[in-house]
Amino acid sequence: MSTAIAFQNITKKFGSRAVLSDLNLEIPRGKITFIVGKSGEGKSVTIKHIMGLLKPDVGRVIVEGQDITDFNHEQLRQYRKNFGMLFQQAALFDSLTVGQNVIFPLKEHSNMPLSAMLARVEETLTQVGLPNMQHRYPTDLSTGEKKRVGLARALVSKPAIILYDEPTTGMDPIVSEMIDDLIVQINKDIENITSVVISHDLKAALATAEYIVFLYKGKVALAGTPNDFKSTKDPIVRQFFSGKVEGPMEFL
Amino acid sequence: MSIIPGVDLLTTLVQKNYFVDGVTLIGRSVVQQFKSLGSFCLYIGEIIRQAFKPPVRWDLIFQQLEFVGNQSLSIIVLTGFFTGAVFALQIGGIFQIFRAESIMGAATAKALTREMAPLMTAFLLTGRAGSSMTAEIATMRVNEQVDAMEAMAVDPINYLVVPRVIACMCIIPMLCGIFIFIGIIGAYVTGVAVFDVDVGVFVDRIKWMVEPRDIANGLEKAFFFAMIISSIACRYGLKAYGGAKGVGQATTRSVVATLLVILLCDVFITFVQLRL
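In the order they appear, the protein sequences are chains A and B.
Each residue of the first sequence is one higher than the one before, counting from 1 in my numbering.
Each residue of the second sequence is one higher than the one before, counting from 1 in my numbering.
Just chain A, with the same shape it has in the complex:
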């Protein structure tokens, strides 16, 4: 298993509270990795470290062999071009149409002719199941459609790593499954793409992930395949799986 992203002894504090505490983590290349854990366990903080939006207090973040910990503003800007990110609320630009949203990263960073960009946009929108939607505005879309447009925007520049921040939170089971299927399909369609999904949804993680990392108290409590998780005897992980309040897991 080759490593795409590695966290080495990462500690990150906000005030006196350590959200990540001596965290060591490896995310495999070309696979779908789910980072799961209860609220406030540092899942979003982890993803922000990967994007370089936060710097660790202690430790190193290595992405595709590059130590990004001390990257300056310009190096980070270049580095982020390799990423696609789907935000929790899709984060589409309200003033732009669907087409303008999806073409945005291409216009900013690509030297492609406009006709090729437009073709790529249509191709990507078709890939997420939304052909002929280019002229609609985000306010005219349902939550599921917004998510898929957000996904198209993340995919359009063919990134090496794609990050999903709670992609199915607040969605009905059918749309959630549709998004999960899309994540799997994208990983099949695009060779060697590394997908990192932040989620509370353990059912989806077991069904979709190839590798799961469970965070607890700022550390990795368990990392492994879905089968490792199904067969684990770890009481904290089992409590999280069962969704019971009673158990060894501490709630703040």
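Hints were generated in silico from the structure; no laboratory data involved.
Incorrect hints may have been included.
Restraint-style ranges between C-beta atoms, simulated for each label pair [to be verified]:
id, chain 1, residue 1, chain 2, residue 2, range
1, B, D21, A, T143, 47 to 55 Å
2, A, K55, B, V56, 30 to 38 Å
3, A, D140, B, Q63, 18 to 26 Å
4, B, Q63, A, Q78, 21 to 29 Å
5, A, D181, B, C41, 45 to 53 Å
6, A, H200, B, L263, 48 to 56 Å
7, A, D57, B, D21, 28 to 36 Å
8, A, D181, B, G38, 44 to 52 Å
9, B, W58, A, T143, 53 to 61 Å
10, B, P54, A, D140, 28 to 36 Å
11, A, R238, B, I44, 51 to 59 Å
12, B, T270, A, D57, 44 to 52 Å
Glycine residues also receive a C-beta, built at the ideal position from the N, C-alpha and C atoms.
Position chain B against the provided structure of chain A, taking the given hints into account.
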């Protein structure tokens, strides 16, 4: 009980650390203000750096020119007319006592060019355009759109702030010029209709009293106020947090801060202009 009045109270305050706490609080507040000032200076530096960095976003600049300029035109014309008319009415009443109503138009024009037009234009634009800029960017911030921009390797200062600052710096001095012109028309209408001032005398006195330097000074002020309005509005937008309430708070704070900074800078600019 102590023989010196107040010593007991002083001793209690020292023993209970009230003095230390008070000094600490003031100290922290001063340090915080300096930090904010330093951070704002860095932000202005970043705007200047990004303004000279390609690409030049002409489409966004023109959008903002239309929003700030075209959409504010009617309010500038209306306010300019009534400001000129009311000022002439007030000042004309006083000048009439000394039989000097013929210079009423000139006095109004002088006041408009040097002070009232840039200040009123800035106040109007703070309320109309500045607040809207803060609210728009703050909404983008709390809805993660600014984060999305950063995640797509696009600098929010380059994309959101620079076009707004450039557009304001181009269009607000023009709006100020329009305010002056319309204000003089307002004063003219009042002068002719109420004080029966001769048209030729009205214009002649303005030519005699208002120098090109007055107009230049007024437009200079408008230029600096434009920088203040746009940069503070965008800054508060980018720093917003906490949902709809956060957007509202950012907008209110932005307007209050902009108005205060404009008044403060007005004193400073006027002082410099009068000395030069």
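Verification of the supplied hints:
Checking the proposed 47 to 55 Å range against D21/B and T143/A shows it holds: the Cβ atoms sit about 50 Å from each other. The hint said 30 to 38 Å for the Cβ distance between K55/A and V56/B, and at roughly 31 Å that hint holds. Distance hint check: the CB atoms of D140/A and Q63/B are about 21 Å apart, consistent with the given range 18 to 26 Å. Between Q63/B and Q78/A, the C-beta spacing of about 28 Å keeps the proposed range 21 to 29 Å intact.
At roughly 51 Å, the beta carbons of D181/A and C41/B sit within the given window of 45 to 53 Å. Range check, H200/A to L263/B: Cβ separation about 50 Å, and the 48 to 56 Å hint holds. The hint said 28 to 36 Å for the Cβ distance between D57/A and D21/B, and at roughly 29 Å that hint holds. Separation of D181/A from G38/B is about 50 Å and conforms to the stated range, judged on CB atoms against 44 to 52 Å.
Checking the proposed 53 to 61 Å range against W58/B and T143/A shows it is violated: the Cβ atoms sit about 35 Å from each other. Between P54/B and D140/A the CB atoms are about 34 Å apart, so this pair conforms to the stated range of 28 to 36 Å. Checked against the hint of 51 to 59 Å, the pair R238/A and I44/B passes, with Cβ atoms roughly 55 Å apart. Taken as a hint, the range 44 to 52 Å holds for the pair T270/B and D57/A, whose Cβ atoms sit roughly 48 Å apart.
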